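Protein chains: 2
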Amino acid sequence: MKVEKISDFTVYRLSIYLRCLDHLAVTGVTTTSSKALAHQFQLNSAQIRKDLTSFGDFGIRGVGYKVDELRNRLRKILGLYNVHRVGIIGAGHLGMALADYHGFPSNPFQVVALFDRDPSRVGGKSPQGIPIFTLNELKSVVAREDIAIGVLCVPAEEAQEMAALVIDAGIQAILNFAPVRLNIESGVKVKTMDLSMSFESLSYFLARRQPEVS
Amino acid sequence: MKVEKISDFTVYRLSIYLRCLDHLAVTGVTTTSSKALAHQFQLNSAQIRKDLTSFGDFGIRGVGYKVDELRNRLRKILGLYNVHRVGIIGAGHLGMALADYHGFPSNPFQVVALFDRDPSRVGGKSPQGIPIFTLNELKSVVAREDIAIGVLCVPAEEAQEMAALVIDAGIQAILNFAPVRLNIESGVKVKTMDLSMSFESLSYFLARRQPEVS
Numbered sequence: 001m002k003v004e005k006i007s008d009f010t011v012y013r014l015s016i017y018l019r020c021l022d023h024l025a026v027t028g029v030t031t032t033s034s035k036a037l038a039h040q041f042q043l044n045s046a047q048i049r050k051d052l053t054s055f056g057d058f059g060i061r062g063v064g065y066k067v068d069e070l071r072n073r074l075r076k077i078l079g080l081y082n083v084h085r086v087g088i089i090g091a092g093h094l095g096m097a098l099a100d101y102h103g104f105p106s107n108p109f110q111v112v113a114l115f116d117r118d119p120s121r122v123g124g125k126s127p128q129g130i131p132i133f134t135l136n137e138l139k140s141v142v143a144r145e146d147i148a149i150g151v152l153c154v155p156a157e158e159a160q161e162m163a164a165l166v167i168d169a170g171i172q173a174i175l176n177f178a179p180v181r182l183n184i185e186s187g188v189k190v191k192t193m194d195l196s197m198s199f200e201s202l203s204y205f206l207a208r209r210q211p212e213v214s
Numbered sequence: 215m216k217v218e219k220i221s222d223f224t225v226y227r228l229s230i231y232l233r234c235l236d237h238l239a240v241t242g243v244t245t246t247s248s249k250a251l252a253h254q255f256q257l258n259s260a261q262i263r264k265d266l267t268s269f270g271d272f273g274i275r276g277v278g279y280k281v282d283e284l285r286n287r288l289r290k291i292l293g294l295y296n297v298h299r300v301g302i303i304g305a306g307h308l309g310m311a312l313a314d315y316h317g318f319p320s321n322p323f324q325v326v327a328l329f330d331r332d333p334s335r336v337g338g339k340s341p342q343g344i345p346i347f348t349l350n351e352l353k354s355v356v357a358r359e360d361i362a363i364g365v366l367c368v369p370a371e372e373a374q375e376m377a378a379l380v381i382d383a384g385i386q387a388i389l390n391f392a393p394v395r396l397n398i399e400s401g402v403k404v405k406t407m408d409l410s411m412s413f414e415s416l417s418y419f420l421a422r423r424q425p426e427v428s
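If you read the protein sequences in the order shown, they are chains S and F.
So for the first sequence, our numbering puts the first residue at 1; every next one is plus one.
So for the second sequence, our numbering puts the first residue at 215; every next one is plus one.
A couple of the hints might just be wrong.
Selected chain S positions facing chain F (in silico; Cβ < 10 Å) [stated by the list, open to error]:
#1 Phe58
#2 His93
#3 Ile174
Everything labelled a hint here was simulated from the structure, so no lab data went into it.
Everything numeric in this text was worked out from a predicted model, so none of it was measured.
Just so you know, even glycine gets a beta-carbon here, dropped at the ideal spot from N, CA and C.
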């Protein structure tokens with residue numbers, strides 16, 4: 001496995017494939033193929049084969065993939081059989097929303113703590129009971145609660161400083177919701193979420209429905 | 215242009231390319247190529263050429279792409295030169311967070327209204343001043359404010375009902391943050407956001423760093 005060469009985009013596609021397979025499983029489909037997946041979910045069959053082959057050969061020539069087997073393999077590759085404990089920095093609206101977000105079934109990400117610099121928030125809880133700690137407690141809570149993923153829900157101008165605190169507390173995987181690119185030392189994984197990207201497929205759709213502005 | 219055949223994944227890739235080009239422009243790069251883009255941002259050069267060709271031929275053989283020109287074309291294709299007015303259904307933590315989220319610069323999505331069924335929230339505002347209306351006012355506010363995109367920030371069990379209200383109010387593009395697949399009539403565009411997908415590239419990274427569990 002040349003795992004070092006696997007990009008974020010490949011991992012994103014594996015997540016997509018897993019959701020397609022989940023959908024097939026729910027609807028009772030037990031075998032599929034790269035062609036069938038591509039056709040049903042508007043994917044690229046050559047890309048599917050290439051992505052899966054880079055993790056070993058799952059398919060049977062002429063038969064395709066067993067849905068359950070491929071789901072299990074993808075869940076294992078994506079690390080979804082482990083529970084990942086999550087700490088959120090910033091207990092504003094976004095932090096609180098993510099703390100209580102359970103997502104689709106079998107979500108293996110478990111938020112166990114919120115952190116905030118605002119003393120009026122510290123000691124409180126999210127509506128579903130996730131406790132809010134001070135930033136001073138970050139290091140000890142991360143160790144005690146075995147937190148592996150830090151989520152930054154802070155303003156753009158605070159994100160770099162908070163990332164440094166999170167890394168200093170021993171966390172090596174960061175999900176950043178602040179609209180700013182972070183400079184991070186190697187060995188730490190950062191994913192910056194740009195929520196406006198989710199709007200762009202809608203604006204594409206809307207642009208196609210309106211008279212072209214040229 | 216065979217625009218009907220362009221999938222959400224293609225549009226997603228166009229959004230990615232645009233962000234790569236934005237990055238190049240900021241760093242003073244004026245020309246690039248599918249190969250250079252693929253190398254710097256871990257993309258697939260053949261895919262880039264295929265995606266761009268489906269919208270017309272932007273490149274110059276042997277020279278590549280002019281960064282500014284390609285950015286403008288992508289922004290036009292993605293409908294980003296129009297301002298898109300947005301209404302958010304559900305003024306809980308997630309709705310409030312999105313209402314005040316400005317994103318990266320030149321975000322053309324403008325939240326103008328929140329809606330909620332909880333009377334204690336109605337009449338209030340987000341921290342940055344976006345007003346909260348009742349669901350009864352949905353139709354009139356959508357018309358008056360020229361809202362084109364509806365964002366669902368409601369519990370999973372309410373999402374289908376809220377989608378129907380939004381469509382009834384004349385909105386044809388929905389961004390759904392509730393973890394449930396919606397059944398929607400054709401002609402309306404729905405994008406369901408699964409926030410746990412953003413965590414999966416991190417769990418992939420973490421799984422690679424730990425001893426394999428087989």
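Hints violated by the structure (listed by number, smallest first): Number 1 - this is the single hint that the structure violates.
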